[in-house]
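Undergrad: The residues making up each chain are set out below.
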Amino acid sequence: MTSDAVPRASAANHNEELIPRYTFGERANHWIGALSYTFALLTGLAFWSPYLYWLAAIVGGGPTARFLHPWFGLIFTVSLFWTFKEWRRDMEVDDGDRAWAKAMPYYIQNEDDKLPPVGRFNFGQKLFFWGIFCGVILLLLTGVALWYTEALPWSWRFVRYAAILIHASAALITIGLFLIHVYMSVFLEEGSFGSMVTGYVTRAWAWTFHRTWYEEIKGGSRSKQ
Amino acid sequence: MTNGWVDIKNTDMMLIMGGNPAENHPCGFKWAMEAKRNRNAKIISVDPRFTRTSSTADLFVQIRAGTDIAFLGGLIRYAIENNRYAKEYLINYTNAAFIVKEGFKLPEDGLYSGFDSAAGTYDKTTWNYQEGEDLSGKTDAPASAAHAAPSAAAAPAPPPALPPNVAYDLTLQHPRCVFQLMKQQYSRYTPETVERITGIPKEQYLKAIDMFTSVRKDGDMKQVATIIYAVGWTQHTFGTQIIRTAAMIQLLLGNVGRAGGGVNALRGHSNIQGATDMAGLFDSMPGYLKVPTPTDADLASFLKRTTPTSSKPSPWGSWNYYSNTPAFFVSLLKALYGDAATKENGFGFDYLPRVDRDYSWTHIWEDMYNGKVKGMMAFGMNGVMIGPDTNKNINALKKADWLVVGEIYQDETSEFWRAPGITADEQKTINTTVYRLPCAGFAEKDGSMTNSARWVTWKYAAVPPPGQARLDQDIVAQIFLRVRDLYKKEGGKFPDPILNVSWAYADSAHPSLSQVAMELNGKALADLKDDKTGQVVVKAGQQLPGFALLKDDGTTMCGNWIYSGCWTEAGSQIQRRGTEDPSGMGVFPNWSWSWPANRRVLYNRASCNLDGKPWDPERKQVWWNEAAGKWAGNDVPDFKADSHPKDHLGPFIMNPEGVGRLFAPIGVLAEGPFPEHYEPIESPTKNLLHPEQSNNPLVKKFKSPYDKFGDPAEYTIVCTTYRLTEQYHYWTKNNPMNVQLIPEPFVEIPVELAEEKGIRGRDMIHVISARGKYTAKAFVTRRLRPMMIDGRKVYQIGLPIHQGYRGIQEDAERDARTPANLLTPAVTDPNAHTPESKGFLVKVEKA
Amino acid sequence: MSQASTELIRISGHPGTVPGAGLNREFQVCKLVDTTTCIGCKACEVACLEWNGYTFSETTFDNSYQTMPETAWNYWNLIKFNEHERADGSMMLLMRKDQCMHCEDPGCLAACPADAAIVQYANGIVDFQQANCIGCGYCMTGCPFNIPKFSPEARKVFKCTLCNDRVSVGLEPACIKACPTGCLHFGTKKEMKEMAQTRADQLRDVSGFADAGVYDPPGVSGTHVIYVLHDAKNPELYGGLPKDPHIPYSVRLWKGPLKWLGNLAMVGGLLGLAWHYMRFGPKKEEPIQPDNGNGRRP
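Heads up: the sequence lines are chains V, R and L, in that order. The letter at position 107 of the first sequence is residue 106 when you use numbering that gives the first Met the number 0, and the numbering goes up by one with no holes. The letter at position 142 of the second sequence is residue 141 when you use numbering that gives the first Met the number 0, and the numbering goes up by one with no holes. The letter at position 293 of the third sequence is residue 292 when you use numbering that gives the first Met the number 0, and the numbering goes up by one with no holes.
It should be emphasised that the hints constitute simulated quantities derived from the structure, not laboratory data. Some hints could be false.
Unchecked claim - Quick look at which bits of chain L chain V covers, simulated, 3 or more residues with Cβ under 8 Å:
hint	segment
1	102-115
2	121-134
3	210-216
4	240-252
5	273-279
Claimed, not checked - When the alpha-carbon atoms are kept at most 30 Å apart in a straight line, the in silico DSS-like pairs for lysine-lysine are as follows:
hint	chain 1	residue 1	chain 2	residue 2
6	L	282	V	113
7	V	101	L	282
8	L	282	R	458
9	L	282	V	217
Glycine residues also receive a C-beta, built at the ideal position from the N, C-alpha and C atoms.
Using the sequences provided together with the hints, build the complete structure.
TA: Structure below.
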């Protein structure tokens with residue numbers, strides 16, 4: 000398989016050569032998910048605390064926020080399920096991840112050179128993915144119960160009681176993961192954000208953060224359309 | 000009602016039986032609840048079903064429909080045996096001490112003396128008092144000379160009359176005194192027998208009658224009990240006798256005339272009382288005056304026949320107020336025929352039709368079915384639905400030439416040709432011409448309504464009638480004026496009764512109901528003078544102040560003597576809205592006007608002892624004021640104002656005896672002087688007292704193909720019909736607000752019956768009688784329970800009457816469109832002619 | 000303002016006692032439903048519809064006199080009918096007018112996220128302001144009595160207002176006005192409580208209902224609709240009146256600890272991340288090193 004590395008016109012530097020990381024579909028899906036999650040987050044926060052109720056005004060007021068929140072939640076769910084279908088294999092946790100997990104403090108302290116090499120996604124990303132995935136399953140199930148609360152007969156009211164607690168708790172978990180995700184991709188790891196915009200990373204980036212994956216790409220042992 | 004709605008708040012005990020006031024008279028039921036809350040009064044509810052009234056009761060007893068006389072008869076027995084009766088009251092205010100004629104026989108075999116089994120009628124000669132004097136302590140005194148053998152009915156003797164001087168025994172020991180006869184009559188109604196007949200377990204029964212009679216424990220007179228009933232009592236072939244039994248109990252216990260007491264009929268519509276007062280029945284004239292029959296040759300002989308003469312123990316007094324019948328009747332004739340009523344022509348007596356036979360409700364339909372009645376004008380009632388045997392009524396209307404219906408909806412009567420089961424082809428063969436006249440609704444017309452408490456209350460129109468709808472009186476006036484014109488033009492066989500009718504309304508085509516009310520009150524046609532002073536009391540042309548001034552010489556006119564006083568020179572009394580109640584006893588003397596003479600409790604003289612002092616000083620109604628030499632009171636005394644208690648004038652002034660009748664002499668009631676338990680015409684059992692005479696011997700059955708009766712072997716279930724609080728008779732099924740409350744017809748059936756038949760609640764079921772099939776959903780409930788009748792399990796079911804084949808749900812075909820009266824038989828009470836819809840036989844099938 | 004003028008505490012230049020001091024106007028209103036005198040006539044149901052401008056609801060027969068299984072968004076007042084057989088075999092037909100209880104500690108209000116969609120007046124009336132309602136239905140979860148009902152058309156929640164519009168101009172609620180038997184009363188909480196207690200005493204002492212009592216549940220700090228019950232020990236018999244109603248624990252947990260925990264976590268998380276950036280700075284890519292064969296950097 001020939002490398003589909005594209006030489007950067009201005010530089011002959013091998014390090015700066017761009018290689019594809021995310022397809023267009025992956026990127027589009029990511030941003031659909033990101034936007035719908037953000038919408039659900041903001042409207043959800045409006046219902047969470049009176050001090051954030053003003054957030055509802057941004058999307059057109061309380062009733063509109065109430066109306067759209069579940070729909071955006073659904074969009075996010077669909078987006079996530081598509082991601083699941085596409086990335087399920089990449090997200091499988093393997094022995095390498097266990098080693099990486101042990102070395103996580105190095106990662107946190109930006110001593111990435113002390114970490115074992117990782118594939119397309121590191122264990123932290125996998126944790127994030129599965130965290131969000133499980134959270135959304137809970138949000139979906141409880142969300143439907145809250146969406147159509149009136150359809151639940153009074154004798155099933157325990158479902159309502161469970162739903163309000165689980166929905167909020169699951170949302171809090173995803174919010175935590177979301178914050179870390181945004182922080183890392185936008186602020187912490189330079190090049191990450193761009194990769195989700197353009198779809199490309201530099202060879203150096205790939206070598207630095209996802210060496211195994213880089214080797215696979217470079218060696219052509221992994222096919223990627 | 001002898002008393003009134005508000006007066007119920009003064010009671011200590013309520014026996015609610017044959018009625019369901021919580022559901023059918025919810026506004027009036029307030030006073031029952033007031034009595035409960037404020038006086039710790041008790042409610043005993045006796046009903047075939049556990050109703051919403053029962054839910055507020057202190058004791059509920061489930062009775063088999065139609066066995067009320069057995070229940071009440073046993074109560075009389077219990078009260079006598081346990082000294083729970085009002086002795087002084089009984090001796091002095093009832094005919095308990097009167098001696099009954101020799102030859103009178105109690106109905107041990109179901110028949111009183113004098114029954115002619117061939118004709119099916121009674122010779123009532125022996126149902127009379129014995130002429131004579133005080134027979135106290137002379138139990139073996141020889142019978143009076145007027146010994147009449149019961150069989151001596153060969154020659155047409157003059158109609159029996161009450162003797163002017165009645166033999167009596169104030170010790171109540173004489174074997175033929177009314178008290179002893181009554182005691183003997185009900186000695187057969189033991190709790191064991193009552194249990195076998197009514198299905199009420201003995202312990203429950205004893206609990207109920209003990210509770211009721213507890214107001215008269217050891218004869219103490221302070222407490223008062225009331226009996227409240229409605230059509231659950233009247234709609235039986237012995238309905239009048241049930242009510243009489245209640246009256247006897249109340250006399251025995253001294254509860255009549257007293258605040259919180261009485262026998263209280265709850266009328267089913269806002270103005271049923273008014274309709275009855277105004278001669279709603281074929282056999283009465285306005286104010287319960289009697290109708291002429293073919294034997295009444297002229298006014299004088301009619302008045303002689305219908306004016307009672309007093310009949311009492313010689314030392315006692317009897318006002319015998321109906322001795323004024325000539326004044327009442329002549330004034331009525333003057334109101335009917337005005338100037339055409341002269342002394343010479345018997346005040347137009349011959350203009351009145353003579354009533355020769357029974358023209359009551361079921362006979363109208365029978366006659367129409369037999370082609371004798373050619374047309375019908377139906378106003379303010381839904382003829383097809385209202386009475387028994389709907390199929391017969393529909394088939395009768397098919398044979399009529401014409402039908403006029405004045406209504407606010409297209410009711411079942413005006414759409415009889417669209418009843419379920421009539422095909423389009425058959426519709427083409429029906430030649431009855433139906434005229435539908437849009438009428439004004441109740442809120443669109445003014446006029447007066449007379450409620451159960453005899454309050455005549457004026458109401459005002461809230462809105463004008465819509466569209467082409469017209470007032471009833473306008474329609475009637477138009478018809479009358481045109482018929483009169485025809486008679487004027489064409490003469491006819493006997494035009495005088497029509498041409499001479501007094502029609503003195505300002506606008507003859509649109510008579511004002513206030514003018515009608517003034518006509519009912521009556522006015523002086525000449526100056527009326529005081530008998531003693533000779534002073535003019537009422538000038539000619541003035542409204543009369545009351546019926547006391549009515550004259551039999553044609554100088555007064557009055558449309559209804561009992562309404563005299565309702566619209567006087569002082570103005571309309573029925574429009575009064577004074578809310579003062581000085582006594583705090585709910586008399587409200589200035590709120591509208593109550594007949595007679597604005598009296599709120601009838602026979603209220605009986606609320607005092609012989610000395611004229613109230614039995615209960617805390618509930619003072621009237622009393623003798625020695626200083627003034629007059630009766631005074633919080634209510635209007637129902638008595639001769641200056642009659643000193645020493646005169647012993649009887650408090651029941653409307654009876655020739657002056658006292659209450661435990662024994663109803665001669666022709667007061669058709670079946671006999673004391674009520675006897677008879678089974679409904681359709682009954683699951685033979686009469687346990689006398690199986691050979693199971694039913695009321697005077698009941699007649701029609702012979703049309705629709706008058707079929709069920710065999711108890713096939714039709715094993717007792718069925719009763721009733722109304723619901725959510726619906727008003729047959730109209731509110733056109734009102735969405737009511738329809739949503741009770742959207743569909745249903746049949747209440749006991750859980751046990753449902754299990755036996757595999758019926759679950761909400762299942763469609765058929766209720767089938769010998770006459771028809773009713774289809775509705777099953778309401779499986781524990782509020783009706785199987786009963787043991789003489790050792791056999793009997794089920795009772797009940798169904799509301801409201802739905803038919805016209806209404807919101809009916810039009811949308813959301814129910815089976817079957818009227819309840821498809822099931823009921825057209826057999827009636829011989830006294831009041833009321834059909835027996837509260838107890839008949841059916842079978843139940845899953846649909 | 001008018002109340003302020005009736006109760007004086009101090010008066011300038013005034014010798015002696017202050018007239019009007021301690022004249023305490025009772026603000027707390029209360030509806031008393033005496034189930035023992037209810038006859039199930041449903042006049043209150045119709046009066047409620049008429050006053051509030053609601054019309055016909057499609058209903059079906061359900062083996063009961065009850066109009067519908069439970070109150071609806073446009074049917075706020077419903078008499079619940081329950082057949083009950085007592086230990087001695089005697090029958091009872093328990094009829095209880097079901098409507099908003101106007102809790103002193105309203106679960107609906109506690110659960111509501113929308114600014115001013117539910118208010119509690121000083122007189123005790125808990126009222127929904129549909130203009131502010133967002134239709135989330137949390138009030139339905141917060142209510143221990145199954146009262147607030149969602150209108151799919153309006154996408155808002157509705158319930159009995161205790162006729163706030165009438166009460167505020169000195170009229171009694173429409174249901175009270177229509178009640179024919181005097182089973183319904185309206186007045187101050189104190190008066191109603193006394194009246195209810197008197198009636199309950201009467202039921203115990205005179206009518207043989209040993210367990211008669213007043214239902215004014217302390218779990219929601221009392222209600223502004225109170226019941227007299229023949230059997231106050233078993234309120235469930237009356238169409239599921241809860242024995243010990245309170246705001247659901249999950250709502251309490253959600254609106255209490257969970258909220259503060261969540262807020263803390265979110266704010267803490269943000270601060271933590273900011274601290275991390277300042278402490279460790281960004282991760283930067285490094286130039287590719289020659290492969291030393293084991294995949295690790297030299």
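Undergrad: Does the structure break any of the earlier hints, and which numbers would those be?
TA: 3, 8
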